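Construct the complete structure from the given sequences, taking the supplied hints into account.
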Amino acid sequence: RTEGGLKLRRAKMAMASLSMLSSRGLTGAVSFRAPSTAPAAGRGSLVVVAASKKKDVRLGITLECTEQKASGVAGMSRYSTEKNRRNTSARLELMKYNPYLRKHTLHRELKK
Numbered sequence: 001r002t003e004g005g006l007k008l009r010r011a012k013m014a015m016a017s018l019s020m021l022s023s024r025g026l027t028g029a030v031s032f033r034a035p036s037t038a039p040a041a042g043r044g045s046l047v048v049v050a051a052s053k054k055k056d057v058r059l060g061i062t063l064e065c066t067e068q069k070a071s072g073v074a075g076m077s078r079y080s081t082e083k084n085r086r087n088t089s090a091r092l093e094l095m096k097y098n099p100y101l102r103k104h105t106l107h108r109e110l111k112k
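Using my numbering, read the sequence shown as starting at 1 and increasing by one per residue.
With a Cα cut of at most 25 Å, we get these calculated SDA-like pairs of lysine to any residue: (1) Lys103 x Glu67; (2) Lys112 x Ser80; (3) Lys103 x Tyr79; (4) Lys55 x Ser89; (5) Lys55 x Lys111; (6) Lys55 x Thr88; (7) Lys111 x Ser71; (8) Lys69 x Lys103; (9) Lys112 x Arg91; (10) Lys69 x Lys112.
If you're looking for bench data, these hints aren't it; they were derived computationally from the structure.
Here the structure is a predicted model, which means the values were calculated and not measured.
As structure tokens, then:
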């Protein structure tokens, strides 16, 4: 089915319902407007209509332990969290628990 054929079918259905209403004498209070549809991008394609943000303010980041490599202990302590780009523009550094070293250590934001 083509887009033009679909519009034609909708128009015919609208006219049929309008003629049925007019035969019952209900045309004075009824107005008809065909539903508007978004243009189809192609067969089988998905068209998403949504508001887009220019820049996400909240960024997903990864924090990695700074003492882990020097200690020689196997494994790597990493945490994933979010930060607000407007409030914290510099690299984030937090004291987090490292389960491999079993103590709190400095964790820094990784480069993307």
